[in-house]
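Undergrad: Each chain, letter by letter, is given below.
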Amino acid sequence: MATQQAVRKLTYVQAFNEVLAQEMERDPNVVVLGEDVAGGAGREEFKEAWGGPFKLTQGLYKKFGPGRILDTPIAENGFIGAAVGAAATGLRPVADLMFVGFVGVCGDQIFNNAAKMHYMFGGKVKLPLTIITATGAGVGSAAQHSESLYALFAHMPGLKCVAPSNPYNAKGLMAAAIRDDDPVIVFNHKLLMGGIGGGQHVPKESYITPIGKANIAREGTDVTLVGISYTTYQCLQAAQELEQQGYSAEVIDLLSISPMDDEAILNSVKKTRKIVIVDEDYPRCSVASDISALVAEQAFDVLDAPPRRVMAPHASVPYSPVLEDLFIPSKERIVEAALDVLQ
Amino acid sequence: MATATRASAISKEKLIWLYETMVLIRKFEEQARREQDSGRLRGTHSAIGQEAVPTGICAHLKDTDFVLGNHRSHHHCIAKGVDVNEMMAELLGKVTGTNRGKGGTMHIADITKGMLGANGVVGSNIPVATGVGLSAKVRKTDQVSVVFFGDGAAQQGSLHESLNLAAIWKLPVLFVCENNRYAESTPFEYSVAGGSVANRAAGYGVPGVTVDGQNVLDMYEVGGEAVRRARAGEGPTLIEAQTYRYFGHYGADNPLGYRTKEEQDHYMAKDCIKQMRKHLTEHKVATVADLDAIDKKCHDRIDAATKFAVDSPFPDLDELTTDVYIKYD
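Sequence order for the protein chains is A and B.
Start counting the first sequence at 0; every next residue gets the next number (numbering that gives the first Met the number 0).
Start counting the second sequence at 0; every next residue gets the next number (numbering that gives the first Met the number 0).
Calculated directly from the structure, the hints in this document are not laboratory data.
Glycine included, C-beta positions come from ideal geometry on N, C-alpha and C.
Among the clues, some could well be false.
Keeping only pairs whose Cα atoms sit at most 30 Å apart, straight-line, the calculated DSSO-like set for lysine-lysine is [unchecked claim]: (1) 260(B) to 123(A); (2) 136(B) to 46(A); (3) 136(B) to 54(A); (4) 326(B) to 123(A); (5) 139(B) to 46(A).
Residues from chain B that face chain A, not an exhaustive set, calculated with beta carbons under 7 Å [stated by the list, open to error]: (6) 34; (7) 98; (8) 99; (9) 102; (10) 106; (11) 120; (12) 121; (13) 129; (14) 133; (15) 134; (16) 138; (17) 186; (18) 327; (19) 328.
Given the sequences, and given the hints that come with them, work out the whole structure.
TA: Structure follows, in structure tokens:
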């Protein structure tokens, strides 16, 4: 009967919203705090004016009330720090850092406390904290609201980092993040939240996409393309084009940035002997650089060509649409890089 | 109300606990300085002179309440009941330490005693403590969260964000500023606009109380009211305890490079332990011999803690990469 199952098409935002509601139902210690996660706080007639800046928390205030959906003042250091303290003492908070660039305001709480408390306290405090944050360029938000910054977080021992690429794994990874006893950063790309890639079948029942495992989004034999979040979508587009040109590209959807599924990457490279890593983050000391080093150190002998990175430039995210388009790794650049290592 | 009158309302047992806790802290800190001088310990931030502040507050707390400290936090830990053996072992980097030797002097934590950690970043624990208060409120317990910070930290934005949050959510948090008059070498009067930390509470509609932090009975009274308010759901309190750091900021820092001997003598003459000895003997709560016996007991306790720490092993080398995560694969 499994084959008869009806398709239940959800957008990224709907899937994310569903998992938040399910986890809050499942565990009374799960709370959400952040700016405008309800919206219009304190005013009876405007309850839940926003439902989150990206609607991820829509409907939750009405369901769970002000005790568990907590609108905060604009004070990232204050409320992310509060989420750390709450996590250390029995809650399982989900804190919404509206845009990843705002880490500049609350880096102390994330890097000095959340990442380090378990270690520096000798393993005696656990910190089941989830931080969700919006990433990515493409909507004209310029330098401070469009970054990826994966590497900044992945650099820190003590933090886990996941980057969903579609509605299905957004739901599964978020469930995994909330249930995890370590602090997890969940990067939500703005274009994915905006609907790029379209809806997808998402089972109603709750499920886990394990942290630390990559997904082979498309099998292939000639070249490995590694995508992170939105760039996985681009890699899949590029793979279609490569197919038309007679090449079989394998697409690895990284999903988990820290821990990273080294094995999946190495296994794929051993098969294809060529790798192109597509990362929207800044290029210096990036996740793509890390993967490139991994392959160079552990699979050098099988490589037919040097590992190749397709990335943003070492520049801030520009505003003008012509420049922003150039900033984001494009399908064309991925295809070009792939053809380069293939030939 | 005069100190003497107030003290009559405190049980003899509690008065002795206040004295003994301060003496135990003093002896611990004196030994820590000796360890530092001998080179077994690579420097600490001495809390000598500031013993009365956490002692008076923690006298009202239970193991299930939480205390969060700062870089100068040995006195907070001892007042909250953390074992001095484990603390001394932690200072020496031993595996029997509170943090298995991984935290050291600036990060001592023992969640079983409600000590949620010293923290080496100035002002960093203030938001965390606010979240502990939020947790207590959401979980509907009567737990109280207390954060100790210095006059230096009071200039960080974290205090202001947290006072605001704790006030709008009416959280059971005590914000306790231990104003020892120096942020490292920078004097209070230079760095604190308006000349008061406690006054800042008014802007958030929170009670702000200034108290003599060298008088443990005053601390006890102010702490009692703030804890009562917190447990009753009446919200946070900001307490500015005026105290004095007898030694330099850290390690071998010589404070006479930035303050006078006369100033030091002025504050040391009001030493919290001396004051309490006088009070207890004058009011016949204890004799000099009783108090000397307590001093001796604390001295022996710290001797035993030092022996425990010295005799304890260092962590196994594979501990370098354990406890980074609960699970990571």
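Undergrad: Quick one, is the residue 133(B) hint okay against chain A at 7 Å, beta carbons?
TA: holds (5 Å)
Undergrad: Restraint: residue 121(B) near chain A, CB-CB cut 7 Å. Satisfied or not?
TA: Violated, about 10 Å.
Undergrad: Under 7 Å, Cβ to Cβ, is where residue 34(B) needs to be relative to chain A, so tell me if that hint holds or is violated.
TA: violated (20 Å)
Undergrad: Residue 106(B) was flagged as interface toward chain A. Is the shortest Cβ-Cβ separation under 7 Å?
TA: Interface hint status for residue 106(B): holds (4 Å vs cutoff 7 Å).
Undergrad: Given the proposed pairing of residue 260(B) with residue 123(A), does the C-alpha separation stay at or below 30 Å?
TA: violated (43 Å)
Undergrad: Run the distance test for residue 139(B) versus residue 46(A): straight-line Cα separation, threshold 30 Å.
TA: Holds, because 24 Å separates the two Cα atoms, which is no more than 30 Å.
Undergrad: Is the interface hint satisfied for residue 120(B)? The criterion is a beta-carbon contact with chain A at less than 7 Å.
TA: holds (5 Å)
Undergrad: Double-check residue 138(B) for me: the hint is only fine if its C-beta lies closer than 7 Å to a C-beta in chain A.
TA: Status holds, d = 6 Å.
Undergrad: Is it true that the CA of residue 136(B) sits at most 30 Å from the CA of residue 46(A)?
TA: holds (22 Å)
Undergrad: Is the straight-line distance between the alpha-carbon of residue 136(B) and that of residue 54(A) 30 Å or less?
TA: Holds. Residue 136(B) to residue 54(A) sits at ~27 Å (cutoff 30 Å).
Undergrad: Close enough to count: is the Cβ of residue 134(B) nearer than 7 Å to one in chain A?
TA: Holds - the Cβ of residue 134(B) comes within 7 Å of chain A, reaching about 4 Å at its closest.
Undergrad: Tell me if residue 186(B) is really an interface residue toward chain A, meaning its C-beta lies closer than 7 Å to one of theirs.
TA: violated (25 Å)
In this structure, the earlier hints numbered 1, 6, 12, 17 are contradicted, and the remaining ones agree with it.
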